[in-house]
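Asks: Below, each chain spelled out in residue letters.
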Amino acid sequence: MVRALLVRGMLAGLLAGLLAALFAGLVGEPALDGGIAYEDALAAAAGEEAGVAPVSRGVQSTVGLAVGFVIYGVAVGGILALVCATAQGRLGALSARATVVVVAAVGFVAAVLVPFIKYPANPPAASADDTIGLRTGLFVVVVAVSVGLAVGATVLARRLSATLGWWNAVLAAAGGYLVLVVLVGVLLPTIAETPADFPAAVLYDFRLASLGGHLVLWTALALVFAELVDRATRPAAAALR
Amino acid sequence: MSQAAAEPRPVAIPAPIPLREIAPWALFAGVVLLALLYLVGMDQGATSVFSGEVLHEFVHDGRHLLGFPCH
Numbered sequence: 042m043v044r045a046l047l048v049r050g051m052l053a054g055l056l057a058g059l060l061a062a063l064f065a066g067l068v069g070e071p072a073l074d075g076g077i078a079y080e081d082a083l084a085a086a087a088g089e090e091a092g093v094a095p096v097s098r099g100v101q102s103t104v105g106l107a108v109g110f111v112i113y114g115v116a117v118g119g120i121l122a123l124v125c126a127t128a129q130g131r132l133g134a135l136s137a138r139a140t141v142v143v144v145a146a147v148g149f150v151a152a153v154l155v156p157f158i159k160y161p162a163n164p165p166a167a168s169a170d171d172t173i174g175l176r177t178g179l180f181v182v183v184v185a186v187s188v189g190l191a192v193g194a195t196v197l198a199r200r201l202s203a204t205l206g207w208w209n210a211v212l213a214a215a216g217g218y219l220v221l222v223v224l225v226g227v228l229l230p231t232i233a234e235t236p237a238d239f240p241a242a243v244l245y246d247f248r249l250a251s252l253g254g255h256l257v258l259w260t261a262l263a264l265v266f267a268e269l270v271d272r273a274t275r276p277a278a279a280a281l282r
Numbered sequence: 817m818s819q820a821a822a823e824p825r826p827v828a829i830p831a832p833i834p835l836r837e838i839a840p841w842a843l844f845a846g847v848v849l850l851a852l853l854y855l856v857g858m859d860q861g862a863t864s865v866f867s868g869e870v871l872h873e874f875v876h877d878g879r880h881l882l883g884f885p886c887h
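Heads up: the protein sequence lines correspond to chains C and H, in order.
Positions 42 to 282 (the numbering used here) are the ones given, in order, by the first sequence.
Positions 817 to 887 (the numbering used here) are the ones given, in order, by the second sequence.
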């Protein structure tokens, strides 16, 4: 059963990754090129010679982009499947299909949206090269803490549902998550490295495209996986009727 | 079961999968999947398992657009 879910989750993730890569290629690449144009202008002004890139821009913006998104999609799809395997039958009266959608929605908020609000995506040349260690560490911390709190909130909602009912239990747990995650966001250091003359429109477009790509990926993943799970469980469900 | 001709279709609540059945999958697949995320999002950046910069450069655009910290 777990194996069946895992295979379907990774398959849905593959499809979702391809779809999101298509979106990112069409919507995100122009903004990404804007960042590279700024980088090139800085290098030219400093009189630096352009070095030989190990991977050409043509490959980076097409095959490389797609491979990156597909690997991310497959990995997230597999993790979603494992979480759904644990959650199904344990979240009140939710069907297997509804469990997928709920888990994916919580996952998107906790693993993508909340970390994005604290440490948003940056186009090339909008960050300082030598702070990569600090930025990577803080990003991992905010993702881990946010996901950990979301898991805690879900377990809490399940416990409270026996006495408060699901509606109030979810409200209380979500409220608790929100308060704690805002507190963590306030306590973690702010990163403000964008050069003063970095084009604002490029930064805005890039961040919007990045969040949009994630939204496409997670929505497609949830809906495709939900459908696959529903089909896999339908014979058993039909026998109950 | 019940004669549910005119009633709304009942929702089938799946049976919980025992945690001890999930644990080995969660451990092994979980490690592999997190390693994939690490490779696409972080390797050859702040930390390097594989030396060089070809992996970083190949997934460069995806890394930026997926929101992972990069240059």
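Hints listed in this document are in silico derivations from the structure and should not be mistaken for laboratory results.
These numbers come from a predicted model, not from an experiment.
For each residue, glycine too, the CB sits at the ideal point set by N, CA and C.
A hint or two may mislead.
[What the hints assert, rightly or not] Not everything, but these chain H residues come out facing chain C in the computed CB check (under 10 angstroms):
(1) Val827
(2) Pro830
(3) Ala831
(4) Leu882
(5) Pro885
Asks: Next, verify each hint and record whether it holds.
Replies: Evaluated hints:
Hint on Val827 of chain H holds. Least Cβ distance to chain C is approximately 5 angstroms, under the 10 angstroms limit. Taken as an interface hint, Pro830 of chain H checks out: its beta carbon lies about 4 angstroms from the nearest beta carbon of chain C, inside 10 angstroms. At about 5 angstroms, the closest approach between the beta carbon of Ala831 of chain H and any beta carbon in chain C falls short of 10 angstroms, and the interface hint on this residue holds. The criterion of a C-beta within 10 angstroms of any C-beta in chain C is met by Leu882 of chain H, whose closest approach is roughly 6 angstroms, and the hint holds.
Hint status for Pro885 of chain H: holds, given a least beta-carbon distance of 4 angstroms to chain C, under 10 angstroms.
Every hint, counting from the list given before, is met by this structure.
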